[in-house]
Amino acid sequence: DAGITQSPRHKVTETGTPVTLRCHQTENHRYMYWYRQDPGHGLRLIHYSYGVKDTDKGEVSDGYSVSRSKTEDFLLTLESATSSQTSVYFCAISGALSGPPDTQYFGPGTRLTVL
Amino acid sequence: QKEVEQNSGPLSVPEGAIASLNCTYSDRGSQSFFWYRQYSGKSPELIMSIYSNGDKEDGRFTAQLNKASQYVSLLIRDSQPSDSATYLCAVRADNYGQNFVFGPGTRLSVLP
Chain A
7 DAGITQSPRH KVTETGTPVT LRCHQTENHR YMYWYRQDPG HGLRLIHYSY
57 GVKDTDKGEV SDGYSVSRSK TEDFLLTLES ATSSQTSVYF CAISGALSGP
107 PDTQYFGPGT RLTVL
Chain B
10 QKEVEQNSGP LSVPEGAIAS LNCTYSDRGS QSFFWYRQYS GKSPELIMSI
60 YSNGDKEDGR FTAQLNKASQ YVSLLIRDSQ PSDSATYLCA VRADNYGQNF
110 VFGPGTRLSV LP
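Protein chains in written order, with our numbering: chain A, 7 to 121; chain B, 10 to 121.
Careful: at least some of the hints might be erroneous.
[To be verified] Simulated pairs of lysine-lysine, DSS-like, Cα-Cα distance not exceeding 25 Å:
(1) Lys17(A) <-> Lys63(A)
(2) Lys76(B) <-> Lys11(B)
(3) Lys76(A) <-> Lys63(A)
(4) Lys65(B) <-> Lys76(B)
(5) Lys17(A) <-> Lys51(B)
(6) Lys11(B) <-> Lys63(A)
Derived from the structure by calculation, the hints contain no laboratory data.
Generate coordinates for the entire structure from the input sequences, incorporating the hints supplied.
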């Protein structure tokens, strides 16, 4: 997984509770991404970061916020979880100093269930 | 709305045959194209990237890009049961941004 970890790997929570997912990389890649994957929709970009404290919205950003205070960590927060946010969440990184800069490497994923 | 389309499958081929996976995209300005493989319950892993019109070969895999037709394909020669997975096509939609758009994936089944 190219030095990418996600935590937790599984989480069950209730509607209305806040949830934070963490992505940690040891590769010193510049860019970090959060995707969600749902049947029939493939991977959809939620937010991405192009540097510390620099983030931008993706296709499905409503209901999600992100923060990146260190190069290696990218946090995804659901302020008030809803059942529609039940999904598998993948973190990805890109921007290696060697090799194609836009090659993405994915973390192992977090399965989130909102009851 | 930038879109990437793939036939969801399942595409079934016998072992040893050529599997052909297709992808079309809507943003004519797209410049970077990727094929990822995803086994059930696992994360996507990059197979190939392609940036120029024509063919690019890597082992049993060949990616083909036709920007005029907004079409990218992946051929898998001598298909093996271990190739059974979902194949995701991805396009980088902005030349100077990091907005990647993925297709829904095509499920490939290679029958022994």
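How the hints compare with the structure:
1. Lys17(A) <-> Lys63(A): 24 Å, holds
2. Lys76(B) <-> Lys11(B): 15 Å, holds
3. Lys76(A) <-> Lys63(A): 19 Å, holds
4. Lys65(B) <-> Lys76(B): 14 Å, holds
5. Lys17(A) <-> Lys51(B): 17 Å, holds
6. Lys11(B) <-> Lys63(A): 15 Å, holds
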